[in-house]
Amino acid sequence: MGVYVARRLITLVPVMLGISMVVFLAINLVPGNAVQIMLGIDATPEMQATLEHQLGLDRPLYVRYVLWLGRLLRGDLGRSIVTGRPVLAEIASRFGVTLQLTVLAIVLSVLVAIPLGIISALRQDSVIDFVTRIGALAGISLPGFAIGVLLILVASRFFGWYPPVGFVNLWDKPLEAAQILALPVVSLGMGLAASTSRMTRAMILEVLRQDYVRTARSKGLHERVVIYRHALKNAVIPIMTIVGMQVGYLLGGTVVVEEVFSLPGLGRLILTAIFKRDYPVLMASVLVVALAFALVNLVVDILYAFVDPRIKY
Amino acid sequence: MNKWKIGSAGITFLFIGLCLVLAGSVGLAQGASEGGVLLVAKDQEAVGFDPHKVPALSSIQIYQHLYNGLVDLDNNAEIVPELATSWETPDDTTYVFHLRKGVKFHNGREMTAEDVKYSFERILDPATASIAKSYYNKIQKIETPDKYTVKFILSEPYADFLTNLASVWGAIVAKEVVEKNGDLMKVDGGTGPFKLKEWVPDNYTLLEKNPDYFVKGQPRVDAIKHLVMKDESARVAAIRTGKVHITSLSPEMVPVLRRESGLVVISYPTLNYTYLAFNCRIKPFDDPRVRLAISYAIDRKLLADIVFKGEADLTGPISPAAKKWALPVSEYPSYTQNIAKAKALLAEAGYPNGFKTVIKTANSYNYMIDTAVAVQNQLKAVGISTEITLVEWGQYVDDWKKGNNEMMVGLNGSGTTPDRALHFFFHSTGTANVWGFKNSKYDELVERARVTLDDKKRHNLYAEAQRMLVNELAPNLFLASPYQFYVVTKNVHNFTPSAILGESVFKDVWLDK
Numbered sequence: 001m002g003v004y005v006a007r008r009l010i011t012l013v014p015v016m017l018g019i020s021m022v023v024f025l026a027i028n029l030v031p032g033n034a035v036q037i038m039l040g041i042d043a044t045p046e047m048q049a050t051l052e053h054q055l056g057l058d059r060p061l062y063v064r065y066v067l068w069l070g071r072l073l074r075g076d077l078g079r080s081i082v083t084g085r086p087v088l089a090e091i092a093s094r095f096g097v098t099l100q101l102t103v104l105a106i107v108l109s110v111l112v113a114i115p116l117g118i119i120s121a122l123r124q125d126s127v128i129d130f131v132t133r134i135g136a137l138a139g140i141s142l143p144g145f146a147i148g149v150l151l152i153l154v155a156s157r158f159f160g161w162y163p164p165v166g167f168v169n170l171w172d173k174p175l176e177a178a179q180i181l182a183l184p185v186v187s188l189g190m191g192l193a194a195s196t197s198r199m200t201r202a203m204i205l206e207v208l209r210q211d212y213v214r215t216a217r218s219k220g221l222h223e224r225v226v227i228y229r230h231a232l233k234n235a236v237i238p239i240m241t242i243v244g245m246q247v248g249y250l251l252g253g254t255v256v257v258e259e260v261f262s263l264p265g266l267g268r269l270i271l272t273a274i275f276k277r278d279y280p281v282l283m284a285s286v287l288v289v290a291l292a293f294a295l296v297n298l299v300v301d302i303l304y305a306f307v308d309p310r311i312k313y
Numbered sequence: 001m002n003k004w005k006i007g008s009a010g011i012t013f014l015f016i017g018l019c020l021v022l023a024g025s026v027g028l029a030q031g032a033s034e035g036g037v038l039l040v041a042k043d044q045e046a047v048g049f050d051p052h053k054v055p056a057l058s059s060i061q062i063y064q065h066l067y068n069g070l071v072d073l074d075n076n077a078e079i080v081p082e083l084a085t086s087w088e089t090p091d092d093t094t095y096v097f098h099l100r101k102g103v104k105f106h107n108g109r110e111m112t113a114e115d116v117k118y119s120f121e122r123i124l125d126p127a128t129a130s131i132a133k134s135y136y137n138k139i140q141k142i143e144t145p146d147k148y149t150v151k152f153i154l155s156e157p158y159a160d161f162l163t164n165l166a167s168v169w170g171a172i173v174a175k176e177v178v179e180k181n182g183d184l185m186k187v188d189g190g191t192g193p194f195k196l197k198e199w200v201p202d203n204y205t206l207l208e209k210n211p212d213y214f215v216k217g218q219p220r221v222d223a224i225k226h227l228v229m230k231d232e233s234a235r236v237a238a239i240r241t242g243k244v245h246i247t248s249l250s251p252e253m254v255p256v257l258r259r260e261s262g263l264v265v266i267s268y269p270t271l272n273y274t275y276l277a278f279n280c281r282i283k284p285f286d287d288p289r290v291r292l293a294i295s296y297a298i299d300r301k302l303l304a305d306i307v308f309k310g311e312a313d314l315t316g317p318i319s320p321a322a323k324k325w326a327l328p329v330s331e332y333p334s335y336t337q338n339i340a341k342a343k344a345l346l347a348e349a350g351y352p353n354g355f356k357t358v359i360k361t362a363n364s365y366n367y368m369i370d371t372a373v374a375v376q377n378q379l380k381a382v383g384i385s386t387e388i389t390l391v392e393w394g395q396y397v398d399d400w401k402k403g404n405n406e407m408m409v410g411l412n413g414s415g416t417t418p419d420r421a422l423h424f425f426f427h428s429t430g431t432a433n434v435w436g437f438k439n440s441k442y443d444e445l446v447e448r449a450r451v452t453l454d455d456k457k458r459h460n461l462y463a464e465a466q467r468m469l470v471n472e473l474a475p476n477l478f479l480a481s482p483y484q485f486y487v488v489t490k491n492v493h494n495f496t497p498s499a500i501l502g503e504s505v506f507k508d509v510w511l512d513k
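Same order as they appear, the protein sequences are chains A and B. Just so you know, this note's numbering puts 286 at position 286 of the first sequence, and the rest follows in order with no gaps. Just so you know, this note's numbering puts 471 at position 471 of the second sequence, and the rest follows in order with no gaps.
With the rest of the complex left out, here is chain A (with noise of 0.2 Å):
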């Protein structure tokens, strides 16, 4: 296992440096630089240039990348072009939010679609099935975002209700906290569940067909204990995996959500760092996402081994 554990992180580090140098090309070879961005119509081109040597991007591409990479292997991800923020607390206090908001949402749908997943594969084409079946199919088909848009508007036109504005942390302030990331942690959650249900609902129904199940059956084990100790621990890789994409997908993938609910997390932070061409914030921010996701499916893949003793590493 730890043989296993240091080869899959020692892989890490050629898929980082690949990332960060398609991340670095793509975003400064696009049009546009951050200074032009910065400075706007008022700019002049001796101001421009004064401000482009300031921060060293007059300097060929590829010793940027070097020195950038030089800073990394040191701990230092540089400030940011726009804002002359360390970086490193950027991220910090993003990820933060980011975080919470992922944490809470997959808990949300997990526990929503478990059960429902496994309810609707027992009663297969029951009332409930179709029900959970349709639901999961809307939950697919409805963008994270346009849930979002919608609890608003229902929430504020229909309640009065509006959360409370400005961020703050759950550990801080856990009641306003709630309020806050209630209505988008029900967005997120709410797409996540449905594609976890059908996943789990079809797990099931392909692992009460195996023989196993049928032997169990017939040796006159009670329905639960069929279920729980020979069904669900069978079915629960498949579910696994994709809860663990899902992590992986909204540590970096919230960014609409995160927009509309106005939560200052990672997504925003990427997405302002593209538009800006600010290239140490994209750039940190991008592999710090690439790094817990590929974290998040190495416990996973650990995890397996935990719940099914046949796999070994």
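Just to be clear, a hint being listed does not mean it is correct.
Covered stretches of chain B (chain A as the covering partner; in silico rule of three or more C-beta atoms under 8 Å from a C-beta of chain A) [stated by the list, open to error]: (1) 118–129; (2) 191–203.
In silico lysine-lysine, DSS-like type, Cα no more than 27 Å apart, as pairs [claimed, not checked]: (3) 173/A / 456/B; (4) 401/B / 173/A; (5) 209/B / 173/A; (6) 283/B / 401/B.
Hint data in this document are derived by calculation from the structure and do not stem from the laboratory. Treat the numbers as computed from the prediction; the structure is a model and nothing was measured. C-beta atoms are modelled at their ideal positions from N, C-alpha and C, and glycine is treated no differently.
With chain A's structure known, arrange chain B on it following the hints.
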């Protein structure tokens, strides 16, 4: 207990929990009291607060409350005292300002003539890369005969010098604050009505009242909290439920919110205008007759009605909101659509059947896209067929700067001085003349105007320059000057923004509870 029951109980519990959270907050919202904190929802995040370095509007709207200049503009764009109580001009290139005594920076130190000298030297220092340098580059020398007197000696007469001093970029800053922090991006070194209390990036900025502000009775609220809420539906929901007091509004939302009883929609004309620009270096746009033909082919009134739902004024190169310098649009014959005249001009220029071209604009703003589409439709009548290219904002700025375009739709701010509207944008050496437009007669006119100190003579020169620009040369077509909209809750009083004052009026705003 049956495990199924535990599962369903869990789900029920979760939903009840969510409902309780929502219900609890309804109660909170109803009982909430904001006290003296003015809550303003902004659609853009500030990038920093250094008045000499940051030109972004989202930042200006915050740092304008932290700083003062030597002078200010009133609602009619007339110069009024601010940190200077009076001034005299012994000759055409010398300005002597007498400073207000006892004005304190937010760190408690008194503001003196040395600070004024330091502030302008900082702007003029190339290392600062100050956006305001071109506003003040006629300053040759600054002297401080005593603690409360500052003397500016200019290299040549410059009629807009005082108006430029009133710009928010001419802020007087405390030297020690700059030196301690390197710049003023995250700190406040001003004398303004509010102090920077807290900045949580992409979340909120909190400004608190400066109790020592030199204007007695200002500001009237204890604090202003600027909240970043990029999505308009969120901002509208927040103001509907009383979670914020003020927010800006898009023209699309105006009719909806005007019908709501608890809210007040405020609109005012601005100094901005939308334009259709030509790359004057390339055919067929190097011929002024082609540009003028397009001007005659466009129905500006219809365009303003379509794009801005009528909430815009027709404009020349100086927006009508700039008042005294703007020529009335009745002076511009091409503002009455005349297809026959347009076709005749095109034929004269050698394009009797029109031509094909590309209109480039940014995909970030609906009004720009709508303007491009409206222009595209109107030009069909004279045989000009156009393709619209939408580009991302960063690329748009790059293409604008490099002249990588044929026709371009955009938005300019004509500014508070005619020099900016006419020299900066259209003189052959003007910083924002990216169109390759050159006309020596026009150049001479605006050069003469900027050194003419007599208001009446200058007015005539600028009037001639405007006529020339619209009626003969047409390097840009000035389309419409859109209104700005805010929506405020009914307990907000004295919020009277205008083209000249913008949001600086927050110092006069008060809230009833």
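Is it true that the CA of residue 209/B sits at most 27 Å from the CA of residue 173/A? holds, 26 Å
Between the alpha carbons of residue 401/B and residue 173/A, is the straight-line distance 27 Å or under? Outside the cut-off at roughly 47 Å; violated.
Under the criterion that the straight-line Cα-Cα distance not exceed 27 Å, is the pair residue 283/B, residue 401/B satisfied? holds, 19 Å
Count the residues of the stretch 191–203 of chain B whose Cβ falls closer than 8 Å to any Cβ of chain A, and tell me whether that reaches three. holds (count 4)
Check, residue by residue, whether the stretch 118–129 of chain B contains three or more positions whose beta-carbon lies closer than 8 Å to a beta-carbon of chain A, and give the verdict. holds (count 3)
Distance restraint between residue 173/A and residue 456/B, which requires alpha-carbon spacing of 27 Å or less: violated, 62 Å
Going through the hint list in order, the structure does not satisfy hints 3 and 4.
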